[in-house]
Amino acid sequence: MNIKLKNSQYRKFCAYGFLKNLRFFDAFLILFLLDKGMSYTQIGTLYAVREIITNLFEIPSGLIADNYGRKKSLAGALLIFTLSFLIFWLSNNFWFYLLGFVIFGMADAFRSGSHKGMMMDYLKLNNWMDFKSEYYGHTRSWSQRGSALSSLIAGLLVLIDGNYQNIFIYSVIPYGINFILILSYPSDIDKAINHKQKEDKSLIKSFYSLYKVMKQKSVFKLVSTSAFHTAYLKALKDYIQAIMLAIALLIPNFIDLDQDRQNGLIIGVLYFIIYLLTAYASQYSAFIQQKAPSNFVRKTLFLGLSFGVVCGIFYVSEMWIGAFIAFTLIYIIENVRKPILTSFVADHVPNELLTSVYSSQSQIRTLFSAGIAFIFGISADIWGIGLSLIIVSGTLIVLAGLISYRKKS
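Numbering (numbering that gives the first Met the number 0), first residue to last: 0 to 408.
Please keep in mind that the hints were generated in silico from the structure rather than gathered at the bench.
Nothing here was measured: the structure is a model prediction, and the numbers come from that model.
Built from N, CA and C at the ideal position, the CB exists for glycine as well.
Incorrect hints may appear among the rest.
Stated by the list, open to error - Taking lysine-lysine and the DSS-like style, the derived pairs with C-alpha atoms no more than 30 Å apart in a straight line are:
| no. | residue 1 | residue 2 |
| --- | --- | --- |
| 1 | LYS11 | LYS131 |
| 2 | LYS236 | LYS298 |
| 3 | LYS70 | LYS131 |
| 4 | LYS3 | LYS123 |
| 5 | LYS70 | LYS3 |
| 6 | LYS11 | LYS236 |
| 7 | LYS5 | LYS70 |
| 8 | LYS5 | LYS71 |
| 9 | LYS131 | LYS35 |
| 10 | LYS220 | LYS298 |
| 11 | LYS131 | LYS236 |
| 12 | LYS290 | LYS220 |
| 13 | LYS71 | LYS3 |
| 14 | LYS220 | LYS236 |
| 15 | LYS131 | LYS290 |
| 16 | LYS290 | LYS123 |
| 17 | LYS11 | LYS70 |
| 18 | LYS131 | LYS5 |
| 19 | LYS5 | LYS123 |
| 20 | LYS123 | LYS11 |
| 21 | LYS131 | LYS3 |
| 22 | LYS236 | LYS35 |
| 23 | LYS123 | LYS220 |
| 24 | LYS131 | LYS220 |
| 25 | LYS70 | LYS123 |
| 26 | LYS5 | LYS290 |
| 27 | LYS35 | LYS71 |
Said to hold, decoys possible - Taking CB as the label site, the calculated pair distances span:
| no. | residue 1 | residue 2 | range |
| --- | --- | --- | --- |
| 28 | LEU98 | ILE2 | 41 to 49 Å |
| 29 | ASP34 | GLN289 | 40 to 48 Å |
| 30 | TRP382 | PHE95 | 26 to 34 Å |
| 31 | THR40 | ASN6 | 46 to 54 Å |
| 32 | MET128 | LYS71 | 21 to 29 Å |
| 33 | ASP257 | LYS220 | 46 to 54 Å |
| 34 | LYS71 | ASP255 | 47 to 55 Å |
| 35 | ILE176 | SER316 | 39 to 47 Å |
| 36 | PRO185 | GLN289 | 27 to 35 Å |
| 37 | LYS290 | ARG10 | 23 to 31 Å |
| 38 | PRO185 | MET318 | 49 to 57 Å |
Go ahead and model the full structure; you've got the sequences and the hints to work with.
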């Protein structure tokens with residue numbers, strides 16, 4: 000990437016993504032909930048409720064950020080996230096965890112779109128929009144590095160402590176640092192560039208403007224297509240922990256550790272490998288975009304869903320390494336797609352509505368994700384994770400194919 004782009008604000012953008020993904024509990028969330036005696040249906044319900052809450056707050060939160068300031072919106076989201084971490088740390092039954100997921104979903108709504116909107120405005124202010132895909136890809140790669148380090152630290156914490164629950168309290172620390180970082184962002188990007196030159200619009204006018212933009216077929220198609228694969232991965236990504244646990248149980252206990260502690264360390268290392276790969280995928284997404292075919296978005300969607308079917312087949316066959324590789328490829332595809340699609344959206348949307356459109360994209364994603372998470376949870380209780388991966392992924396391939404065929408017709 001051009002050296003002139005790597006200034007202090009670039010480093011702040013990278014640091015935000017890095018710290019945001021230091022959620023140490025992510026690597027063990029499914030295992031933690033199973034350890035608390037929950038069924039897959041209950042877990043699917045928790046995930047679905049989180050996505051529905053995010054969905055309900057998504058567009059209002061984006062409009063509030065566009066009208067009253069993205070820094071306030073994002074800083075507030077980080078504080079709400081911290082509250083949810085504390086609830087997870089202190090709780091011990093399904094209903095308290097449900098409350099934690101509700102609060103987490105609210106925070107996610109106020110977070111989504113704001114940071115991307117600020118970044119795109121910063122590039123426009125500096126006349127660097129030609130570099131947007133590369134710039135976003137590089138900053139996102141630091142998010143993935145944060146996830147890599149987070150999983151490794153989480154594995155070490157479980158190794159030392161032998162307790163999944165305590166890793167929630169450690170996640171408060173990076174979020175506190177991120178809160179201070181966001182407040183240091185320049186005021187120039189707190190509101191959209193075009194917006195600052197006018198009086199603040201009412202939320203009703205903002206809703207109407209957003210509606211007009213989303214009515215454009217090209218914008219809606221782009222937003223919904225990009226949301227579909229992200230929703231699929233978000234709903235199912237934590238189930239890779241079951242595959243990792245199966246791999247961990249295959250490894251002999253060489254250092255006389257308690258089995259749970261060794262499993263925690265191995266899972267942390269496996270996640271570390273995944274996120275290093277996804278960091279490189281994000282970093283080089285701009286290069287891949289130059290070589291990509293015209294129907295890149297559709298092809299990568301079908302490819303990601305197909306790897307879900309392959310993963311399910313390997314899982315049913317108890318070929319754990321194959322299942323792990325297939326699931327990892329879904330992660331990689333998502334991290335190639337996201338920077339490219341983010342820049343596509345920025346090209347098609349008025350600047351003053353960018354955060355709101357990103358929030359609309361997240362809203363579509365949360366609707367998909369809630370449905371997938373809930374159905375998968377019930378299916379996993381009935382048929383197991385492997386068959387559920389085959390059924391859900393296969394159904395989504397058929398659904399995406401029918402939608403694609405209808406659009407062509």
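Cross-check of the supplied hints:
1. LYS11 / LYS131: At roughly 16 Å apart (the allowed maximum being 30 Å), LYS131 and LYS11 satisfy the hint.
2. LYS236 / LYS298: The given pair, whose Cα atoms are some 20 Å apart, holds under the 30 Å limit.
3. LYS70 / LYS131: holds (21 Å)
4. LYS3 / LYS123: Holds: LYS3 and LYS123 sit about 15 Å apart, inside 30 Å.
5. LYS70 / LYS3: With a Cα-Cα distance of about 25 Å, the restraint between LYS70 and LYS3 holds, given a limit of 30 Å.
6. LYS11 / LYS236: holds (28 Å)
7. LYS5 / LYS70: The hint holds at about 21 Å.
8. LYS5 / LYS71: Status holds; Cα separation ~25 Å.
9. LYS131 / LYS35: Not OK: LYS131 and LYS35 at ~44 Å, beyond 30 Å, violated.
10. LYS220 / LYS298: Since the Cα atoms of LYS220 and LYS298 sit roughly 15 Å apart, the hinted pair holds (cutoff 30 Å).
11. LYS131 / LYS236: holds (27 Å)
12. LYS290 / LYS220: The given pair, whose Cα atoms are some 22 Å apart, holds under the 30 Å limit.
13. LYS71 / LYS3: holds (29 Å)
14. LYS220 / LYS236: Holds, because 24 Å separates the two Cα atoms, which is no more than 30 Å.
15. LYS131 / LYS290: Holds: LYS131 and LYS290 sit about 17 Å apart, inside 30 Å.
16. LYS290 / LYS123: The hint holds at about 25 Å.
17. LYS11 / LYS70: holds (13 Å)
18. LYS131 / LYS5: At roughly 13 Å apart (the allowed maximum being 30 Å), LYS5 and LYS131 satisfy the hint.
19. LYS5 / LYS123: holds (15 Å)
20. LYS123 / LYS11: holds (17 Å)
21. LYS131 / LYS3: holds (14 Å)
22. LYS236 / LYS35: Holds, because 20 Å separates the two Cα atoms, which is no more than 30 Å.
23. LYS123 / LYS220: holds (24 Å)
24. LYS131 / LYS220: Holds. LYS131 to LYS220 sits at ~21 Å (cutoff 30 Å).
25. LYS70 / LYS123: The given pair, whose Cα atoms are some 18 Å apart, holds under the 30 Å limit.
26. LYS5 / LYS290: Satisfied, since the Cα-Cα distance of roughly 25 Å is no more than 30 Å.
27. LYS35 / LYS71: Since the Cα atoms of LYS35 and LYS71 sit roughly 36 Å apart, the hinted pair is violated (cutoff 30 Å).
28. LEU98 / ILE2: 41 to 49 Å: Roughly 48 Å apart at Cβ, these two residues keep to the hinted range, so it holds.
29. ASP34 / GLN289: 40 to 48 Å: Taking Cβ atoms as reference, ASP34 and GLN289 lie about 46 Å apart, which means the hint holds.
30. TRP382 / PHE95: 26 to 34 Å: Holds - the Cβ-Cβ distance for TRP382 and PHE95, about 29 Å, lies within 26 to 34 Å.
31. THR40 / ASN6: 46 to 54 Å: With Cβ atoms ~49 Å apart, the hint holds.
32. MET128 / LYS71: 21 to 29 Å: Since the Cβ atoms of MET128 and LYS71 sit about 25 Å apart, the hinted range of 21 to 29 Å holds.
33. ASP257 / LYS220: 46 to 54 Å: Check passed, 52 Å falls within 46 to 54 Å.
34. LYS71 / ASP255: 47 to 55 Å: Since LYS71 and ASP255 have Cβ atoms about 52 Å apart, the given range 47 to 55 Å holds.
35. ILE176 / SER316: 39 to 47 Å: Check passed, 44 Å falls within 39 to 47 Å.
36. PRO185 / GLN289: 27 to 35 Å: holds (31 Å)
37. LYS290 / ARG10: 23 to 31 Å: Given a distance of about 29 Å, which is inside 23 to 31 Å, the answer is holds.
38. PRO185 / MET318: 49 to 57 Å: holds (51 Å)
Hint violations for this structure: numbers 9, 27, all remaining hints satisfied.
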